[in-house]
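Please model the complete structure; the sequences and the hints are all you need to start from.
Number of protein chains: 2
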Amino acid sequence: MPKSSKEQSDSQQRELSIELSAALVAVSDEAPKILLVRDQGGDSATHSQFGLPCGPFDPIGHRTLEEGLRTWVREQSGIQLGYTEQLYTFGDRFRDPQERIGGPRPVSVGYLALVRQTDLISPDNADWSDWYRHFPWEDWRLGAPAIVSQVIASGLKAWVESGETRIDKQRRRERVDMTFGLGGATWDNERVLERYELLYEAGLIAETVTDGRARNDRSLLQAHTLMGAALIKDHRRIMATAMGRLRGKIKYRPVIFELMPPNFTLYQLQRAVEALAGVRLHKQNFRRLVANEGLVEATGQIASQTGGRPAEFFRFRRDVVRERPVSGVRLPIRPRVPGRN
Amino acid sequence: MPKSSKEQSDSQQRELSIELSAALVAVSDEAPKILLVRDQGGDSATHSQFGLPCGPFDPIGHRTLEEGLRTWVREQSGIQLGYTEQLYTFGDRFRDPQERIGGPRPVSVGYLALVRQTDLISPDNADWSDWYRHFPWEDWRLGAPAIVSQVIASGLKAWVESGETRIDKQRRRERVDMTFGLGGATWDNERVLERYELLYEAGLIAETVTDGRARNDRSLLQAHTLMGAALIKDHRRIMATAMGRLRGKIKYRPVIFELMPPNFTLYQLQRAVEALAGVRLHKQNFRRLVANEGLVEATGQIASQTGGRPAEFFRFRRDVVRERPVSGVRLPIRPRVPGRN
DNA sequence: CCCCTTATGCTCAATATTAGCATAACATAA
DNA sequence: TTATGTTATGCTAATATTGAGCATAAGGGG
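Chains as they are written, first to last, in my numbering: chain D, 32 to 372; chain A, 32 to 372.
Read the hints as simulated data drawn from the structure, not as lab findings. Computed from a predicted structure; not experimentally measured. We put the beta carbon where it would ideally sit given N, CA and C, even for glycine. Worth double-checking, as some hints may not be accurate.
Quick partial rundown of chain A residues pointing at chain D, CB under 10 Å, derived from the structure [what the hints assert, rightly or not]:
| # | residue |
| --- | --- |
| 1 | Ser48 |
| 2 | Ile49 |
| 3 | Phe88 |
| 4 | Thr95 |
| 5 | Gly113 |
| 6 | Gln117 |
| 7 | Asp123 |
| 8 | Arg124 |
| 9 | Arg136 |
| 10 | Lys200 |
| 11 | Gly279 |
What follows is the structure, given as structure tokens:
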């Protein structure tokens, strides 16, 4: 049996600190948005100065972790959080490059928070950023993104080839195929985190560089720019976790309505789902699903607006939640080649 | 804007410690099992001396949270963990009654770990306990458990009535109906945590008492005994989280095979799923689903054993995971009244 | 009024699911 | 040896759910 680690820990645990970080997600202009704040310290290592709202957990002042999070978000962005859900606790060593140069060992608890379109005023010091600016390979609404076939596939191929042994290469290839839907596999829109971590391991994104490699390689920098905007620390990883979770959750819980204004047309609803899921849906089937689940009810009001027949406004039926175990919005996915509806 | 909490936290964060706890789950004898270890300190407040394997996270000695967890589990039970997944991080104040009398503020990261039947030797100082001994209301394999209609329904009714306002009572009733499938709602086997927390709030289980109420009320003690065996700290809450997650997960990921021996009959597989899900399934449909998903392949070997026609042994097809986004084992639920198969 | 756009109703075929029926292959008791 | 009980396994009819698309309605702008 291994030596107990108790003695060590008692004396040295002081190094510990818990950081609370929030991925605030909203949808507007048919794009998923994430709230970023400018980092006071800056983080020259990744050339990024933006990150998620975050702050240390205060065991005295904060009654719960979530309360601490709410406080920090309010302070940094002025936003009062609504729907909030814990994502994951990250504690790997050297997550934050600061740690190498003597900073404290960070453990960070990531949260997903949903913000309604109507509340979407950009606060001081913070900005709503298009989610796909940081994950350009995740948007399949117009078909397979160019960056997958042009940059990622080849980059990952090189990584596969750089495997030590035959077995190793084999395993790498399988992992690549599965996570990126290459080699005949299908693209699973929920595997956002797995894809991010694979790109990280393969050295294809900016964050990897902070773990040692040359920082001045021009072509590398250029490639990394293509691969989406990085954030401080491991905040892009938290974003990936958030979006993966959200993509999964909209399918089996009616969380999408946390992002919608009180009244919306079915098409607006569909657009919001599409923005998050990163795929286009079949319109008629989508409305049938939503209607059959009894998720919405007509308000009687008619939309005044955009070219075409006016649509009716609907609202979320809060009662369904009480009635029965209610599922979210399944995804009647459309064929790759965009057709009429 | 509220006063920044930064100043406070810098000086007083020392109080912080992170505890790693693992819910090790296995299935044997058609019952889900959980590994409990005897608590050195004891916890007179809840009359329980058993808890999950756990220990403090050591930022120096542990490279990752999960590694720390593995170390602690190995030390306390001798078990080398296989499939492991992080559940949730609990940080509410006064989770642990020790805290009231000056103990440190605990933040605890809970994990779910799956242990294969074959590896099921009960280690020193630890025991595999029937999961339903701690959650007797969760087992619906033989229909609605008596405890729900006889003890819980009435207890929760009293709690509903003790609501302050009309609105308050109304809300309580809705919550009760939804989580326990009363008043026409359907029982959702995944809501294990919600049910536990509701019982906790309503004061129907032993853990509640540590938050203030009389400890010597005889009828109360008796009622609490009926309501399943408690554990130290908030370990029963972590158990609830684990089982809820697992019940959800077996439906969409093939995790059930992490609990099975390499070869098994389809009925053994079904029994394992039933044990976890807490419901009985339709046999023929179950095997069709498993077969259609391509999750298993026949080994050719025939079971020698129990009364009836011998069954064929199957094994998990590891390749499916590579082939496509593979779902778990959906639950073709059988009617309440036990019938033939 | 024609044409473009979006909204909405509806159908048809392909699959999946639910609930059983029926038969096979063993063990054991009459 | 046969009847009976038990579990395994194949198969089917009735429903429900999906996927794909046709068709019509109802606006706006030339």
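Here is how each hint holds up against the structure:
no., hint, result
1, Ser48, "holds, 6 Å"
2, Ile49, "holds, 6 Å"
3, Phe88, "holds, 7 Å"
4, Thr95, "holds, 5 Å"
5, Gly113, "violated, 18 Å"
6, Gln117, "holds, 6 Å"
7, Asp123, "holds, 5 Å"
8, Arg124, "holds, 5 Å"
9, Arg136, "holds, 4 Å"
10, Lys200, "violated, 15 Å"
11, Gly279, "holds, 9 Å"
In summary, the numbered hints that this structure violates are 5 and 10.
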